[in-house]
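Chains as they are written, first to last, in my numbering: chain A, 1 to 124; chain B, 1 to 286; chain C, 1 to 212.
Hint data in this document are derived by calculation from the structure and do not stem from the laboratory. Keep in mind that the hints are not guaranteed to be accurate.
[Stated by the list, open to error] Result set (SDA-like, lysine to any residue): computed pairs, CA atoms no more than 25 Å apart in a straight line:
1) C:Lys145 with C:Leu83
2) C:Lys65 with B:Thr92
3) C:Lys68 with B:Gly133
4) C:Lys205 with C:Leu70
5) A:Lys2 with A:Ile72
6) B:Lys126 with B:Asp83
7) C:Lys15 with B:Glu90
8) B:Lys147 with C:Leu70
9) A:Lys47 with B:Met256
10) C:Lys14 with B:Ala101
11) B:Lys223 with B:Arg270
12) B:Lys97 with C:Val2
13) C:Lys7 with C:Ala210
14) B:Lys132 with B:Leu52
15) B:Lys261 with A:Thr9
16) A:Lys2 with B:Asp174
17) C:Lys147 with B:Glu90
18) C:Lys62 with B:Gly133
19) B:Lys126 with B:Thr92
[Unchecked claim] Residues from chain B that face chain C, not an exhaustive set, calculated with beta carbons under 7 Å:
20) Leu52
21) Thr53
22) Asn76
23) Cys86
[Claimed, not checked] Simulated coverage check for chain C against chain B, where a stretch passes if three residues somewhere in it have a Cβ under 8 Å from a Cβ of chain B:
24) 6-14
25) 71-85
Computed from a predicted model, the values in this text were never measured in an experiment. The beta carbon of each residue, even a glycine, is placed where N, CA and C say it ideally should be.
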Amino acid sequence: MKIIISNTTDSPLYQQIEDQIKDAILKGDLVEGDPLPSIRGFANDLKVSVLTIRRVYEELEQEGFVTSQVGIGTFVSASNIDLLRDSKRRIVEQKMQDMIQTAKSLNISKEELNAMMDILYEED
Amino acid sequence: MDNILEVSGLNKSYRDFSLKNVTFSLPEGCITGFIGVNGAGKTTTLRSVLGLTNKDSGRIKLFGIDMERHECELKNRVGVVLDDGCFYDELTMAEMKDIIAPAYTEWSERNYRNNMSRFSLNPRQKINTLSKGMRIKFALALALSHKAELLIMDEPTGGLDPLIRSQFLAILADYMNEGGRGVFFSTHITSDLDKIADVLIMIDRGKIVFQEDKDTLLDSYRKVKGDAKALNGDIRGFFSNIEVTGLGFTGITNQMSKVRKCMPDIVAERPTIEDIMLGNIEGGGK
Amino acid sequence: MVFHLIKKDFMLVKKYVLFMMAFAILLPVFFLRIIPEFAGSISLLISGIYAVFMLLQQVSLKETKYPKALALLCATPYPRNALVQSKYGFCIFIYAMCCAIYWIETLAFPALGNFTLRMAVAVFFVISVFMGIYLPVQFKLGFEKTKFLLSFVIIASPFLFSELLKLYGSLDFYAINAIPPAILCGMIALLSLAVLIVSVSISEKIYSRADL
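All chains, full assembly: derive it from the sequences and hints.
Structural data, given as structure tokens:
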């Protein structure tokens, strides 16, 4: 798992870390049962406060992305597969939105866009 | 999360200086940095917490227990590092240890020997032949050898070279790996705290300025750079610390949204603790 | 706890202890040569007072040189009372060492006479009175100011001494001589202890309020 913190965005630190962990889970970099680093170790590596990591883990647990067991650690959980699937769909939709925006600003028509999509899809 | 140290309403007057109603608490499991300029009251506060000076008023609780009634038992659970001059220099480290060790009921000779070899210290060496870095390591070796749950340190990294400082911070991080502990250290070398602190408490002229989670603090302030020509009286008011040169301005603000509205053409980044500290003291620059 | 603090004081002035022990050994021999009639009566008194006073000064000098070390000690669980008591213990230990040295010398040099309990108690009394006054003053005023006061006392001592002699001459000793020596000994010993106990309590009270 890689977490890169940006000093120049306005997004709060805990939010950045949380989002990147969520991304990793949704992309499948982290799967069910994978352990997350210890709070203190994670804080040391990122040079952030343990209170921040604590908050990240708490919110991730509330939203169903992880479960934590006292004394053992925090683990990725798949208790909300539908939620995850929806989120994944939402990521694709988001990217499509961005793509459409960019295309529109460059005056690329819908037909051109579809054609490009067909070609690129086959390439994989 | 319990508080490992609670100070409420601490007042102490000297002729030229006084602590006024100092109140703060250290959460358990955190490294707390105590910052302020020289003369702000850090050492006075620490001395009051350690029972070295008599306070005029106020209450101090360690591990939830009142200091006044259980001073000895509580001191047993605290490791103390008071910068580098707190030894009888003419003695060897072993002799100094023989003075300090019997005070603690939980003293572990084995931990002490481990610490001394981990820090590459020879106990038979005289203390006045040690470099500053070695003295601090020795002080740490002593503080870590009696199963202390809280480390209280007064400016431990002053005058140390960057290598020793990073070793020192690594030792602290290692100490904190076990739960239920805390570290409280005063310093004006804020770059160390950028790396390792969890909570920050700032004192200025005898009064507590803020107590905050480090990241919340760093998130609430921004270091802004932009065109000096765009500054006017109102906008200046959003900044607590401004530096203007012929090429532009740099300022610290905690009202980022307002600044963005008034000045769309700026670069903003997270500040350092030093920036925030300067922004919170008079004379920090405006 | 007090034992370790006394040990600390001895560790701080190691070299001077050896020097004072040599002094305590040589003094009676010296007196035997110069003033043989008085050697027996005043050797222990002089060696005791000098040893206690000089070593106490040296320890205080070292403590003043390293004030933060004392602060560190107070930050440990050592109670302040133990720090106070250790100073008195230090002096008493020195007195005991002087007695031991002198006793051995009386065995080696019969001209010194016997090492009597009466002599030990008398010297103990003098040292107790000295400690009883000096130590609380030092705890209250600190080493520097006490040194200043002491210089003043030393300068005034010839005048004080002559007054004391006059007093000694005018005292009625019949009452005291009527008391059997054993009981007199016991009374003076108890008086010394009383002086010490009062002095320790005063010093403890003073030191507990001191800011380091």
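Holds or violated: Lys68 (chain C) and Gly133 (chain B), Cα atoms, limit 25 Å. 18 Å, holds
Please work out if Lys2 (chain A) and Asp174 (chain B) have their alpha carbons no farther apart than 25 Å. 23 Å, holds
Is the Cα-Cα distance between Lys97 (chain B) and Val2 (chain C) 25 Å or less? Since the Cα atoms of Lys97 (chain B) and Val2 (chain C) sit roughly 16 Å apart, the hinted pair holds (cutoff 25 Å).
Apply the coverage criterion to the region 71-85 of chain C and chain B: a residue qualifies when its Cβ sits closer than 8 Å to a Cβ of the chain, and three qualifying residues are needed. Our answer is that it holds, as 9 residues pass the Cβ test (under 8 Å) against chain B, meeting three.
Given the hint that Lys261 (chain B) pairs with Thr9 (chain A), test it: the Cα-Cα distance must not exceed 25 Å. Answer holds: Lys261 (chain B) to Thr9 (chain A) is near 16 Å, not above 25 Å.
Should the interface hint for Asn76 (chain B) be scored as holding, given a Cβ-Cβ cut-off of 7 Å against chain C? 5 Å, holds
Is Lys205 (chain C) close enough to Leu70 (chain C), meaning Cα to Cα at most 25 Å? Roughly 18 Å between the alpha carbons, so the hint for Lys205 (chain C) and Leu70 (chain C) holds.
Would the hint on Cys86 (chain B) be counted as holding, given a Cβ-Cβ threshold of 7 Å to chain C? 4 Å, holds
Does the interface hint hold: is Thr53 (chain B) within less than 7 Å of chain C, judged Cβ to Cβ? Because about 4 Å separates Thr53 (chain B) from the closest Cβ in chain C, which is inside the 7 Å limit, the hint holds.
With a cut-off of 25 Å on the C-alpha distance, tell me whether Lys147 (chain C) and Glu90 (chain B) pass. 23 Å, holds
For the pair supplied as a hint, Lys47 (chain A) and Met256 (chain B), confirm whether the alpha-carbon distance does not exceed 25 Å. This hinted pair holds, its Cα atoms lying about 24 Å apart.
At least three residues with a C-beta closer than 8 Å to a C-beta of chain B: is that true for the region 6-14 of chain C? holds (count 4)
Violated hints: none; the structure is consistent with every hint.
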